[in-house]
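Our numbering numbers the first residue of the sequence shown as 1 and each following residue consecutively.
Just so you know, not all the hints are guaranteed correct.
Cβ pair distances, simulated, as ranges [to be verified]:
1. Arg93 with Pro217: 31 to 41 Å
2. Asp118 with Val290: 29 to 39 Å
3. Glu267 with Ala92: 48 to 58 Å
4. Ser269 with Ala47: 43 to 53 Å
5. Arg50 with Arg108: 20 to 30 Å
6. Ala121 with Trp224: 13 to 23 Å
Read the hints as simulated data drawn from the structure, not as lab findings.
All values reported here derive from a predicted model rather than from experimental measurement.
Heads up, the beta-carbon is just placed ideally off N, CA and C, and yes, glycines get one too.
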Amino acid sequence: MSTSSPNSPADLPVQRDREPVPVRQVLRELGIRPRKALGQHFLHDRAIVRRIVETAQLPPDALVVEIGPGLGILTEELARWARSVIAVELDARLAEQLAEHFHGTNVRILHGDALEVDLAALTGQCPYFVVANLPYNVAAPILERLLTSDHPPERLVVMVQREVAERMAARPPAMSYLGVLVQFFALPRVAFRIGPGAFTPPPKVESAVVVLDRRTPPLPKHHWDSFFALVRAGFAQRRKMLLNALATATGMDKEMLRALLQRAGIEPSRRAETLTVEEWLRLWRVLHEVVAS
Numbered sequence: 001m002s003t004s005s006p007n008s009p010a011d012l013p014v015q016r017d018r019e020p021v022p023v024r025q026v027l028r029e030l031g032i033r034p035r036k037a038l039g040q041h042f043l044h045d046r047a048i049v050r051r052i053v054e055t056a057q058l059p060p061d062a063l064v065v066e067i068g069p070g071l072g073i074l075t076e077e078l079a080r081w082a083r084s085v086i087a088v089e090l091d092a093r094l095a096e097q098l099a100e101h102f103h104g105t106n107v108r109i110l111h112g113d114a115l116e117v118d119l120a121a122l123t124g125q126c127p128y129f130v131v132a133n134l135p136y137n138v139a140a141p142i143l144e145r146l147l148t149s150d151h152p153p154e155r156l157v158v159m160v161q162r163e164v165a166e167r168m169a170a171r172p173p174a175m176s177y178l179g180v181l182v183q184f185f186a187l188p189r190v191a192f193r194i195g196p197g198a199f200t201p202p203p204k205v206e207s208a209v210v211v212l213d214r215r216t217p218p219l220p221k222h223h224w225d226s227f228f229a230l231v232r233a234g235f236a237q238r239r240k241m242l243l244n245a246l247a248t249a250t251g252m253d254k255e256m257l258r259a260l261l262q263r264a265g266i267e268p269s270r271r272a273e274t275l276t277v278e279e280w281l282r283l284w285r286v287l288h289e290v291v292a293s
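I would like the entire structure built from these sequences, with the hints used as guidance.
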């Protein structure tokens with residue numbers, strides 16, 4: 001959750017700009033209807049767009065990757081601040097329109113799926129930032145792919161569903177698998193919230209912008225799979241005590257597992273959502289020693 005004080009601007013929904021982008025008119029002119037299957041909710045508030053880009057704190061020579069540019073309102077602002085922008089759009093109709101609109105500028109439009117794009121090839125192995133209004137229905141898998149990539153971004157500034165943003169930045173006793181995943185790779189903070197009225201069509205939920213600053217992962221890559229398999233096992237039956245959840249998922253003897261949890265300094269009666277990333281790492285190391293011996 002946000003570390004801002006209760007009355008700080010970061011904790012309050014941003015007010016809409018008085019001159020919003022006429023999204024419905026633009027969509028009608030292009031013959032496009034928002035597609036629920038793609039999670040399309042078009043941001044039309046220029047004040048929020050400016051605040052997102054300011055939050056990103058981009059250096060003048062920044063290479064920015066934007067995912068899901070939609071009608072390009074955020075893309076236009078990014079182009080003013082960054083050296084170059086690569087915008088990845090899944091919708092072929094929008095990609096074609098954007099490519100025409102940004103022809104001859106510092107913006108490159110790529111028609112493709114962010115879950116399949118080779119990020120290293122896309123950026124030419126150069127350092128880059130991700131700034132995006134992520135499609136809500138695929139935000140979590142996109143974030144996982146970006147964070148676990150062989151060529152991850154330096155910083156991510158993304159708009160997601162408010163509850164998702166809060167899960168990413170949560171602390172015990174409100175942890176989740178997503179929270180552990182994000183905090184393993186990055187230092188997250190919720191920057192500000194946004195109400196549904198800033199979008200066309202308006203979503204049924206609030207949104208939030210979250211900043212993820214990359215950190216060095218605490219384990220080498222060849223151990224990531226086994227570490228996250230352990231975390232998934234713990235959260236698979238989150239209402240159960242950690243001892244029972246892990247015993248069910250791993251098939252390990254309960255008494256042995258109890259001893260290993262205590263060796264890691266974790267009470268067997270605790271639940272997965274109460275563990276910090278550091279405690280998951282301690283538990284993984286104890287289990288890894290047993291498996292390796």
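Hints and how they fare:
1. Remark: the range hint 31 to 41 Å for Arg93 to Pro217 is upheld by a beta-carbon distance near 38 Å.
2. At roughly 38 Å, the beta carbons of Asp118 and Val290 sit within the given window of 29 to 39 Å.
3. Separation of Glu267 from Ala92 is about 53 Å and conforms to the stated range, judged on CB atoms against 48 to 58 Å.
4. Evaluation of the 43 to 53 Å hint for Ser269 and Ala47 yields a pass: the beta carbon distance comes to about 49 Å.
5. Separated by about 22 Å at the C-beta atoms, Arg50 and Arg108 satisfy the suggested range of 20 to 30 Å.
6. Remark: the range hint 13 to 23 Å for Ala121 to Trp224 is upheld by a beta-carbon distance near 22 Å.
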